[in-house]
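Chemist: Given next are the chains, with one letter for each unit.
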Amino acid sequence: MPDPLHLAVALDGAGWHPAAWREPDARPAELFTAGYWTDLVREAEAGLLDLVTLEDSFALQSDDRFRPDDRTDRVRGRLDAVLVAARVAPLTRTVGLVPTALVTHTEPFHLSKAIATLDFVSGGRAGVQVRVSLAQHEARLVGRREFPELTRVDRDDPAVQRVLRDAFDEAADWVEVVRRLWDSWEDDAEIRDVATGRFVDRDKLHYVDFQGRSFSVKGPSITPRPPQGQPPVAALAHQRIPYELVASSADLGFVTPRDAGDARAIVAEVRQAQEAAGRAGEPVHVFGDVVVFLDDDAAAARARRDRLDERAGAEFRSDAHVFTGTPAGLADLLQEWAAAGLTGFRLRPGALPHDLTAVTRGLVPELQRRGVFRTGYEAGTLRGLLGLPRPANRYAAA
Amino acid sequence: MTKQVHLAAHFPGVNNTTVWSDPASGSQIDFGSFVHFAQTAERGRFDFLFLAEGLRLREQNGAIYDLDVVGRPDTFTVLAALGAVTERLGLTGTINSTFNEPFEVARQFASLDHLTGGRAAWNVVTSWDAFTGENFRRGGFLPQDQRYERARTFLQTTWELFDSWRGDEVVADQEAGVFLRDPHPGAFAHTDAHFDIAGQFSVPRSPQDRPVVFQAGDSEEGREFAASSADAIFSRHGTKEAGQAFYRDVKGRLGRYGRTPDQLLILPAATFVVGDTDAEAAELAHEIRRQQVSGQTALRFLEQVWNRDLSGYDPDGPLPDVDPLVGETHVAQGRAQVRTYRDPLATARQWRELAAQKGYSIRELMTEVQSRQSFVGSPHTVAAEIDDLVQSDASDGFILVPHLVPGGLDPFVDSVVPLLQERGVHRTEYEGTTLREHLGLAPLP
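Going down the list, the protein sequences come from chains Y and R. Taking full-length UniProt numbering, the leading residue of the first sequence gets 1, the next gets one more, and so forth. Taking full-length UniProt numbering, the leading residue of the second sequence gets 1, the next gets one more, and so forth.
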């Protein structure tokens, strides 16, 4: 039997198509309510998915990633993803919850305890997707730093690559601090020793003493080590520098291959970077991102996507491959790409809830019939679902 | 007119009020403890749950302080999760203005308010110490005279962000294809000595328009800040007379800002011990104080005033002969309490007199001066005392601090709350859905 696939869905607004909010089953007036997100995550859980990611940014959504677009015909406005995940956590049991954190403009100390707390309130199901922001208008919201004006991330422009390199180096530092803080309490630091009156054994609490170019952090965390020890860290990556962040710092990379050959090349590049980072033996998942428009017959899916495009006034384009067709057709594609080395997939539903339900009630049963997807949750933590062991604490005496 | 008593519950935290050595003491970090505590408060029809903050583990004599509970969750995250297991209870988080940015905090509170249907509140604090600053990018040290200034402009800036969406922007008209009425919602620009930010706020206006705002702290600047900007004050409970004086003072300042006395609630923190009879409660209270102040804890407390290492002293023996060290550096770091001893030499003098008069050892003295509970008695006694303090304008209610997690609130809710309800001074059902409504605050203009 082939290795079982891992499946995630990426939740964002009313779905990834800009006209998705106009679909008859969309709930555009409820995007800022807890009930909307709870229903979506519960659906993902009913489909036995590994995890959901929740998109986030400080800036208002824009079709142009480097400036506001002032459009009134698209979903605009969003809630803090970590808090949405926390609000949903007590109402779900097994699915992983992976909110996005904007590393460029946040304090690693705050986010470390926030994700640790998400892990506590979810019983070991937290992760975090780190996002780097180079947008000037997003930096202006916080006001503490400035970035050069960019119009696109040009991989041939050395100046752009330098900015990118700095920002991703800082992201690696951010992840390093967050991880050290998670380990800054040993698992058995709390002793409640009535005889000596000590609540903790302070020899099992550790300063992290991180000194980096953009920040230094003393530690220890104010929050004990979370249930998973180290909640999984994820990142979306499209080119060499972000691949290196995945390789050096993450447990899970989301990549955007065009086809199976591309998938093979990307996986090779990530594995090579992993080796260069000295993590050759460590499990790092590489999931392929695919935007999906799914219906029981391919023509219906095509027609629905055409209708959405017509309403949006433009053909839908994405950084990721766009699949329009049947769950069985998608299953074929996923199996082919998995054979190229991807360990799982993050599906971005074109429209919610339609394309999420098509994943959980169409694609999942299809993959189960083929024997490549779980028929029941085999673990209670996100690391467990991803097949990642609970790591030893870096500060604990061996 | 009979005033209603406002009740709230402070989750017992990182200080010696919280007894962790008792067999009934549960986890301080497992979510189950928070769920039990919050649901008990909601069963008692409390206005809100309250969480304190501490962004660096406390230290004394250069080592992490290990005698009290250590460790707590992230405030925003645990409050959002509690929103899922409660329906009406307000959720108040202490968030400081020094180690955060206005945009991020406004976004988190607006999100929390959406996710809880209008139950979010913010206790604004202004910790400033370089010790805590070592955990943050922006560091921390601000001269004292700039602390409240920054806090004020921080709050002002977040209000501009909360107000940047009017509330009618999201149309979500599927047929017409109009999601937003306004092409540029949430526009803001703010420049002052502390902040220089501009752009669009990304969270639509929340159910309460902005979170309810608490101010904690007793200083002159703190009182003025509360009178100008807060919806409620988190104060300390002293005597009835001290409470009345504070109440008069702060409510008297409101007129200067065009506000009326009902627009600012005074809610002191208060501890309690309830027993079947007054005598039983008194005995129980003594026992709890012994648990709260071990010999080691007594010595550490004394060090906070003496500002020197007293580990060689016997907690069951007399007070030290040496005087407190008065200086810039302090043996204890990361705790607000230290600053309450403004004149350590005078405090030492008072304590020596008290110890001599009563024949107290160090531990006995510390148990006496540090841990006296606010309300001790039978349910009838406690209910009557609380009602009297509220009716006589010593406060508008209390933020109760139990000594046990997670069950410390249960005896109060089971025995005192029904008596307050019988007296007609505490709700039997929630009338409103938002925290502003629970607190009786008028809708924002």
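Some hints could be false.
What follows is a list of derived Cβ distance ranges for each label pair [claimed, not checked]:
| hint | chain 1 | residue 1 | chain 2 | residue 2 | range |
| --- | --- | --- | --- | --- | --- |
| 1 | Y | Arg390 | R | Asp182 | 42 to 52 Å |
| 2 | Y | Tyr377 | R | Asp249 | 36 to 46 Å |
| 3 | R | Gln421 | Y | Arg390 | 41 to 51 Å |
| 4 | R | Ala130 | Y | Thr375 | 25 to 35 Å |
| 5 | Y | Glu146 | R | Gln156 | 21 to 31 Å |
| 6 | R | Thr2 | Y | Asp70 | 53 to 63 Å |
| 7 | Y | Glu146 | R | Ala130 | 52 to 62 Å |
| 8 | R | Arg253 | Y | Arg93 | 45 to 55 Å |
| 9 | R | Gln421 | Y | Gly313 | 54 to 64 Å |
| 10 | R | Gly26 | Y | Ala300 | 37 to 47 Å |
| 11 | R | Gly62 | Y | Arg390 | 53 to 63 Å |
| 12 | Y | Arg42 | R | Gly62 | 41 to 51 Å |
| 13 | R | Gly359 | Y | Arg93 | 54 to 64 Å |
| 14 | Y | Arg71 | R | Tyr341 | 39 to 49 Å |
If you are wondering where the hints come from, they were derived from the structure by calculation, not from laboratory data. No residue lacks a Cβ here, since even glycine has one placed at the ideal position from N, Cα and C.
Chemist: Given the range 53 to 63 Å, decide if the beta-carbon distance of Gly62/R to Arg390/Y lies inside it.
Modeler: Given a distance of about 33 Å, which is not inside 53 to 63 Å, the answer is violated.
Chemist: Given the hint of 41 to 51 Å, check if Arg42/Y and Gly62/R actually sit that far apart at their C-beta atoms.
Modeler: Once the Cβ atoms are compared, 50 Å apart, the range 41 to 51 Å for Gly62/R and Arg42/Y holds.
Chemist: Is it true that Gly26/R and Ala300/Y lie within 37 to 47 Å of each other by Cβ?
Modeler: 54 Å, violated
Chemist: Is the distance from the Cβ of Thr2/R to the Cβ of Asp70/Y consistent with 53 to 63 Å?
Modeler: 54 Å, holds
Chemist: Cβ-Cβ distance between Gly359/R and Arg93/Y: within 54 to 64 Å?
Modeler: 59 Å, holds
Chemist: Check the following: the C-beta atoms of Arg390/Y and Asp182/R are separated by a distance inside 42 to 52 Å.
Modeler: 49 Å, holds
Chemist: Could you say whether the range 52 to 62 Å given as a hint is met by the Cβ separation of Glu146/Y and Ala130/R?
Modeler: Violated, since Glu146/Y and Ala130/R (Cβ atoms, about 26 Å apart) do not stay within the stated range.
Chemist: In this structure, is the beta-carbon distance linking Arg71/Y and Tyr341/R contained in 39 to 49 Å?
Modeler: Violated, at about 59 Å.
Chemist: Tell me if the beta carbons of Ala130/R and Thr375/Y are separated by a distance inside 25 to 35 Å.
Modeler: 56 Å, violated
Chemist: For the range 36 to 46 Å, tell me whether the beta carbons of Tyr377/Y and Asp249/R fit it or not.
Modeler: Because 59 Å falls outside the window, the suggested range is violated.
Chemist: For the range 21 to 31 Å, tell me whether the beta carbons of Glu146/Y and Gln156/R fit it or not.
Modeler: 24 Å, holds
Chemist: Take the C-beta atom of Arg253/R and the C-beta atom of Arg93/Y, compute their distance, and say whether it sits inside 45 to 55 Å.
Modeler: 51 Å, holds
Against the hints set out earlier in the document, violations occur for numbers 2, 4, 7, 10, 11 and 14.
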